[in-house]
Amino acid sequence: DQQVKQNSPSLSVQEGRISILNCDYTNSMFDYFLWYKKYPAEGPTFLISISSIKDKNEDGRFTVFLNKSAKHLSLHIVPSQPGDSAVYFCALEGPGANSKLTFGKGITLSVRP
Amino acid sequence: ETGVTQTPRHLVMGMTNKKSLKCEQHLGHNAMYWYKQSAKKPLELMFVYSLEERVENNSVPSRFSPECPNSSHLFLHLHTLQPEDSALYLCASSQGRTTFSGANVLTFGAGSRLTVL
Chain D
1 DQQVKQNSPS LSVQEGRISI LNCDYTNSMF DYFLWYKKYP AEGPTFLISI
51 SSIKDKNEDG RFTVFLNKSA KHLSLHIVPS QPGDSAVYFC ALEGPGANSK
101 LTFGKGITLS VRP
Chain Y
1 ETGVTQTPRH LVMGMTNKKS LKCEQHLGHN AMYWYKQSAK KPLELMFVYS
51 LEERVENNSV PSRFSPECPN SSHLFLHLHT LQPEDSALYL CASSQGRTTF
101 SGANVLTFGA GSRLTVL
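Chains D and Y, in that order, are what the protein sequence lines are. Just so you know, we're using this note's numbering here: the first sequence kicks off at 1 and counts up by one. Just so you know, we're using this note's numbering here: the second sequence kicks off at 1 and counts up by one.
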């Protein structure tokens, strides 16, 4: 049974518009929520994270929202750029120190010029 | 070199072969990880080493054998694999996390693409 679900396998967005990537989870005990980005032939790279005690974290064009009551996490990219085209994974950590990351399957984002 | 380096990038092996994947990190991190990425599946954690001690083994078959000789190097020894073991094997490292130090951010290598014939 998957604890972390990224139900939409792909998303296509026009350059300059907003990209919204979603992630749902079942276990309410996670401490941190992370997003990783992966280009072909490269490993995933860390993008942005949010603590369970917050509901929003912003870093430039990237904003992560956390809705704990709905067990829902989203990543907003605005404005979207062609270089953002990649696979995006949500990864949830916890509970407690030295806990492992649980990854979603990933969403392939395509930003059209 | 900086970051996490994995070799080889591609490996094709028969079911009776013995081969090894190598990972090296130049970040001074304390923890190293092996993940498996199969098509259409989430990344699966295989092994975790913290300060060269194995702290997690996620029910991985014994045909996969990890080795961590020091905090900078991690190996995955492969023996009598099955075709379903074909996947991308990703190594990662991290500083490790205490309760109050924030998220445990992993730095990944580019992966070793394994094909078992």
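These are calculated hints, taken from the structure and not from any lab test. Where a beta carbon is used, it is the ideal one built from N, C-alpha and C, also for glycine. Worth double-checking, as some hints may not be accurate.
List time: in silico DSS-like cross-link candidates among lysine-lysine, alpha-carbon distance up to 27 Å [stated by the list, open to error]:
| hint | chain 1 | residue 1 | chain 2 | residue 2 |
| --- | --- | --- | --- | --- |
| 1 | D | LYS71 | D | LYS5 |
| 2 | Y | LYS41 | Y | LYS22 |
| 3 | D | LYS5 | Y | LYS41 |
| 4 | D | LYS54 | D | LYS68 |
| 5 | D | LYS5 | Y | LYS40 |
| 6 | Y | LYS18 | Y | LYS41 |
| 7 | D | LYS68 | D | LYS5 |
| 8 | D | LYS105 | Y | LYS40 |
| 9 | D | LYS71 | Y | LYS41 |
| 10 | D | LYS105 | D | LYS71 |
| 11 | D | LYS105 | D | LYS56 |
| 12 | D | LYS105 | Y | LYS41 |
| 13 | D | LYS68 | Y | LYS22 |
| 14 | D | LYS100 | Y | LYS40 |
| 15 | D | LYS68 | D | LYS56 |
| 16 | D | LYS54 | D | LYS105 |
| 17 | Y | LYS22 | D | LYS56 |
| 18 | D | LYS71 | Y | LYS40 |
| 19 | D | LYS5 | D | LYS56 |
| 20 | Y | LYS41 | D | LYS100 |
| 21 | Y | LYS40 | Y | LYS19 |
| 22 | D | LYS105 | Y | LYS22 |
| 23 | D | LYS54 | D | LYS71 |
Examples of chain D residues lying across from chain Y (beta carbon under 8 Å, computed) [stated by the list, open to error]:
| hint | residue |
| --- | --- |
| 24 | ASN22 |
| 25 | ALA41 |
| 26 | PHE65 |
query: What are the numbers of the hints that this structure violates, sorted from low to high?
result: Per hint list: 13, 17, 24, 26 violated.
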